[in-house]
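Student: As a plain string of letters, each chain reads:
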Amino acid sequence: MKNRLKVLRAERGWSQQDLAERLEVSRQSVNAIETGRYDPSLPLAFRIADLFGMTIEEIFQRGE
Amino acid sequence: MTDQTLSRGPAWFWGGAFFVGMFGTGFAARALDLGSIPSALVMVPPMLLLIPLVRASEKAQAECGALSPATRRYNRRGLIWAFGYVIFLFVAVFGAKSGASGPLLWLLALLPALPIFLMLWTMARYLVEETDEYLRLRVINAALWATGLLLAVATVWGFLETFELVPHVPGWAAVPVWAVGLGASSIVNRWREA
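Just so you know, the sequences run in chain order Y and E. Quick note on numbering: this note's numbering labels position 22 of the first sequence as 744, and the sequence is numbered without any gaps. Quick note on numbering: this note's numbering labels position 188 of the second sequence as 220, and the sequence is numbered without any gaps.
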């Protein structure tokens with residue numbers, strides 16, 4: 723799955739640590755999601771979407 | 033060299049020191065034929081190396097953003113049961129050498145298994161308490177690799193033992209083999225992420 727997390731984070735001037743704290747996950751998790759090593763569960767994907775005020779599909783897309 | 037690789041230095045050092053210390057004293061005790069009780073005693077100092085090892089590991093985990101409160105609790109509990117294991121093993125060996133028999137011997141023989149059960153409880157609690165799904169998945173993956181390694185080692189060793197090519201190994205050896213597998217797969221995980 724592809725995602726725009728890194729771009730969305732950069733647009734807001736947040737570090738991985740900032741985003742991790744907002745999502746209440748580890749920085750390692752944010753890094754793994756951004757680099758495509760880990761696809762988040764649906765509840766976490768919803769939390770990410772809510773944080774950015776977007777839908778899940780606007781952040782995560784099909785594909786490698 | 034990145035900050036992450038630099039921070040692993042102390043953990044590697046203490047891990048190596050613990051490994052060499054435990055096996056070194058174990059082999060030395062056997063080579064010198066020290067007997068069960070002195071053998072258990074000489075292994076206490078290398079056990080203490082677990083404290084700086086856990087501290088250095090936590091520092092490294094914190095620096096690479098992978099230290100959760102559940103991990104911290106797991107480390108603390110694990111450390112307590114590791115020392116509990118050494119103490120209970122010493123009591124069991126001492127009791128057996130003192131001539132315990134009957135139900136008391138059964139009790140003493142099962143005593144070292146108690147902290148191992150508590151270690152299993154610690155692992156189960158970690159999986160329940162870890163709120164970070166990615167970190168939890170990493171530990172589950174590592175545990176599956178460790179289980180696979182244990183099954184492979186036990187199968188190969190078992191057949192070699194059946195054909196009298198290697199000496200008998202007690203069943204409790206499964207725990208340290210599994211723990212080595214867990215540690216090794218965690219290290220491989222971190223390498224892949226670096």
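FYI, nobody ran anything at the bench for these hints, they're computed from the structure. Heads up, some of the hints might be wrong.
Straight-line C-alpha distance at most 20 Å; calculated EDC-like pairs for lysine to aspartate or glutamate [what the hints assert, rightly or not]:
#	chain 1	residue 1	chain 2	residue 2
1	Y	Lys724	Y	Asp761
2	E	Lys91	Y	Glu743
3	Y	Lys728	E	Glu225
4	Y	Lys724	E	Glu193
5	Y	Lys724	E	Glu165
On a predicted model such as this, the values are computed, not experimentally measured, just so you know.
Student: It remains to establish, for every hint, whether it holds in the given structure.
Tutor: Verification of the supplied hints:
| no. | hint | verdict |
| --- | --- | --- |
| 1 | Y:Lys724 - Y:Asp761 | holds, 9 Å |
| 2 | E:Lys91 - Y:Glu743 | holds, 19 Å |
| 3 | Y:Lys728 - E:Glu225 | holds, 17 Å |
| 4 | Y:Lys724 - E:Glu193 | violated, 50 Å |
| 5 | Y:Lys724 - E:Glu165 | holds, 19 Å |
Comparing the model with each numbered hint stated earlier shows that hint 4 is the single one that does not hold.
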